[in-house]
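Construct the entire structure; sequences and hints are all you get.
Chain residues, written in single-letter form:
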Amino acid sequence: MERVPILKLGRTLFVSIQIDLQDDSVMRLQEDLAAELAATGATGVIIDITAVEIVDSFIGRMLTMIGSISRLFDAETVLVGMRPAVAITLTELGLSLRGVRTALNAEKGLELLGGSA
Amino acid sequence: MDELPIASGDDVVRVRQRVRVVAADSGLSLVDQTKLVTAASELARNALVYGGGGTARIEAVTSAAGRAGVRVGFSDDGPGIADLDLALTDGWTTGSGLGLGLSGARRLVDEFELTSKPGRGTSVVVIKWSR
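Going down the list, the sequences are from chains A and B. Per our numbering, the first sequence starts with residue 1, numbered consecutively. Per our numbering, the second sequence starts with residue 1001, numbered consecutively.
By construction, these hints were calculated from the structure, which means they are not laboratory data. Computed from a prediction, not measured in an experiment: that's the story for all the values here. The reader is advised that the hints may include incorrect statements.
What the hints assert, rightly or not - Some, not all, of what chain A presents toward chain B, calculated at C-beta under 8 Å:
#	residue
1	20
2	22
3	23
4	24
5	54
6	56
7	57
8	58
9	85
10	86
11	88
12	89
13	92
14	94
What the hints assert, rightly or not - Footprint (simulated), chain A over chain B, 3 or more residues, beta carbon under 8 Å:
#	stretch
15	1020 to 1032
16	1036 to 1043
17	1062 to 1075
In this text, a Cβ means the ideal position worked out from N, Cα and C, and glycines have one as well.
If you want it as structure tokens, here you go:
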């Protein structure tokens, strides 16, 4: 199982998913992020999915859960870089990713977090 | 025809990658490729989680009207599904998921055939045609 690295930039945790996600990797990311939030007191999480070719219902649910978990640590999650084909497919699949904020790219995501980096 | 085992999370990823290659070679648009790969991911996971593992068969096909497409079949020897209509209802699940896997996968493809009997395993065959 490959792990997704988490970078800390100021008060923001930055995650760029560059691997073909399997279920265990996403669950691991969720645990690693929760630990990192608790340890650092970060106030924002940016998840970059520019390189992610598909988001199915499991991955989508995990992303939503990451948003909920972050909130419990008083941090906001922004999902950035979703591909158009992924957005269309997610919508048709019936997933709304409710509770997760989105932005076009990492730069806009940071702005949304109030430049907390 | 490619036949791939589904026995681990890595296998699910391999099925997705193989479906992507065949879909691209068959001339499916990027959106249609993504829909088919996403549906394949849902169905491969179902075979793994609910069926205890199984097999995926991926094949380029041509319709009677000459359209290119991709057929992907999934089969497992798991406990099977007692109520197919219920299993295809949005939000219904026996697991911890959202209950969108099977119903969502059906929406993402052009043809969807689900065969299952309790104790006899489950088979799902889907086709996505190029436009």
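Results for each hint:
1. 20: holds, 5 Å
2. 22: holds, 4 Å
3. 23: holds, 5 Å
4. 24: With a closest approach of 5 Å, the residue 24 of chain A hint holds.
5. 54: holds, 5 Å
6. 56: Given a least distance of 4 Å, the restraint on residue 56 of chain A holds.
7. 57: OK, holds: residue 57 of chain A within 8 Å of chain B, min 4 Å.
8. 58: This hint holds: residue 58 of chain A lies near chain B, its Cβ roughly 6 Å from the closest one there, short of 8 Å.
9. 85: Holds, about 4 Å.
10. 86: Given a least distance of 6 Å, the restraint on residue 86 of chain A holds.
11. 88: holds, 5 Å
12. 89: Given a least distance of 5 Å, the restraint on residue 89 of chain A holds.
13. 92: Nearest chain B Cβ about 5 Å off; hint holds.
14. 94: Result: holds, 5 Å to nearest chain B Cβ.
15. 1020 to 1032: holds (count 3)
16. 1036 to 1043: Contact hint for the stretch 1036 to 1043 of chain B vs chain A: holds, 4 residues under 8 Å.
17. 1062 to 1075: This one is violated; 0 residues, fewer than the three required, reach chain A with a Cβ under 8 Å.
The earlier numbered hint that this structure contradicts is number 17, and it is the only one.
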